[in-house]
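Please construct the entire structure, taking both the sequences and the accompanying hints into account.
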Amino acid sequence: MTKLLIQEKEIVVPGEELAEGLDYLPSMGTYRDKEKIVSNKLGVVSVNKNIIKVIPLTGRYMPRIDDTVIGRVVEIGFYGWSVDIGSAYPATLSIRDATEFIDKGENLTKYYDYGDVIAAKVIRTARYNSIDITTKGPGLKKLISGNVIEVTPSKVPRMIGKQGSMISMIKESTGCNILIGQNGRIWIKGTSLENENLVTRIIMKIEEESHIDGLTDKIKKLLEEKK
Amino acid sequence: MTSYDKRFSGRKFDEMREIEAKVGIIKRADGSALFRIGDTIAIAAVYGPRELHPRFMQNPETGILRCNYDMTTFSVPERKRPGPNRRGVEISLVTEKSLLPVVELKQFPNAVVDVFIEIIQANSGTRCAGISAAALALAHAGIPMKDLVAAVSVGKVGEKVLIDLDKEEEDVEDATDIPIAVTGRKQDITLLQLDGNVTKKDLVEAIKLAKHGCKKINEIQQKALKDAYKSEVKNE
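First to last, the sequence lines map onto chains B and Z.
Counting along the first sequence from 1, when you hit position 23 you're at 23 in this note's numbering, and nothing is skipped either side.
Counting along the second sequence from 1, when you hit position 123 you're at 123 in this note's numbering, and nothing is skipped either side.
Hints were generated in silico from the structure; no laboratory data involved.
Keep in mind the model is a prediction, meaning the values are calculated, not measured.
Heads up, a few of these hints could be off.
[What the hints assert, rightly or not] Here are the simulated BS3-like pairs of lysine-lysine, each with C-alpha atoms no more than 30 angstroms apart in a straight line:
{"no.": "1", "chain 1": "Z", "residue 1": "Lys208", "chain 2": "B", "residue 2": "Lys36"}
{"no.": "2", "chain 1": "B", "residue 1": "Lys36", "chain 2": "Z", "residue 2": "Lys230"}
{"no.": "3", "chain 1": "Z", "residue 1": "Lys230", "chain 2": "B", "residue 2": "Lys220"}
As structure tokens, this is what we get:
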């Protein structure tokens, strides 16, 4: 006897039973208790054939390979830099992943100093507590001046929009340089403070109203008004 | 022994006070919740998982849970001296132990999840309200949990076994107060405290009553969590 006890895209809470029977397989955010598959996170159910998973709605950023993230240097050691990327553990940027060539024993603050904000890419997540990032690659660098704001990581796809529609619209309209990290940090650099503030306000609005239909059109209108 | 055949508040013996639950009340926390039962209000904030300091407390096998229970100075009629006290330390500990069976921190070695519970208004059953609020806040913070936990106090006042004692009932001579925490799905008991006298028969009855009450609280908790995100998921 196999039965699905919930519907796809339903919100579930920890301890809620999702399916009965051995034909379904538990994936991310779920566990099996004898015959039953139970959720262990607050999130949205996704059923793919017989695999059930719960996509979390809240929580800290969980690093995934190839994610672009924005972080702040919190520590410098012999091996490289420790970077806070808003996940449970700081990420490691080792010397050989930083730039072309750094001499042994060189002063590392020359490249990235304490408190510097950098855009980086996740290259390895062996376990949750060892995250390796790199700054080699297009667009990955130290972010000089500008503003960094934080949003909930689960809302990042909304900020970007379908095929980047939302973000490119804001960029074009305000002329600001915007970089969105998958960890929910957004770097904004504009031609003027007013422009930066406008983008900040708009991003706050997207975060608040991320559930509304036709949000892109609404933001477009707002941008035109403000100009 | 005082006879007690009608409750001071006019409630039925198996009737709890009015319950309200809300999540997301503290913006800067990773997860937060408010839980009100009658005049008792508890708020809980969860931070983490994050790196644990001091370092010697780190456990490379699993993450740890750290609970902190405190009452605000204005929560009781007579001003409570601020800061931790003996009672607060004990309740912090039992709260931690009652939540530990459900949280899964194995995937966060060396890390800590901090839970801060603050009672902003007290009228008995504060540790139970605190546990219910903390469970909500943990779920809201996205911590992996096997189950939710709900807690309620049951007790014996006079000759009667009843649920959710208020201050007036607690102060009755020979009243016994038994806080019980129960998981949502399997109805396992994760906390049971008792001081005072109670017969075996009464205790069994009290546990039954508590399980029934916790089931109701669990439904309210589930609703609170779902309502907070209902509008967001609807249109995606």
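The hints, checked one at a time:
| no. | hint | in the structure |
| --- | --- | --- |
| 1 | Lys208(Z) x Lys36(B) | holds (25 angstroms) |
| 2 | Lys36(B) x Lys230(Z) | holds (25 angstroms) |
| 3 | Lys230(Z) x Lys220(B) | holds (26 angstroms) |
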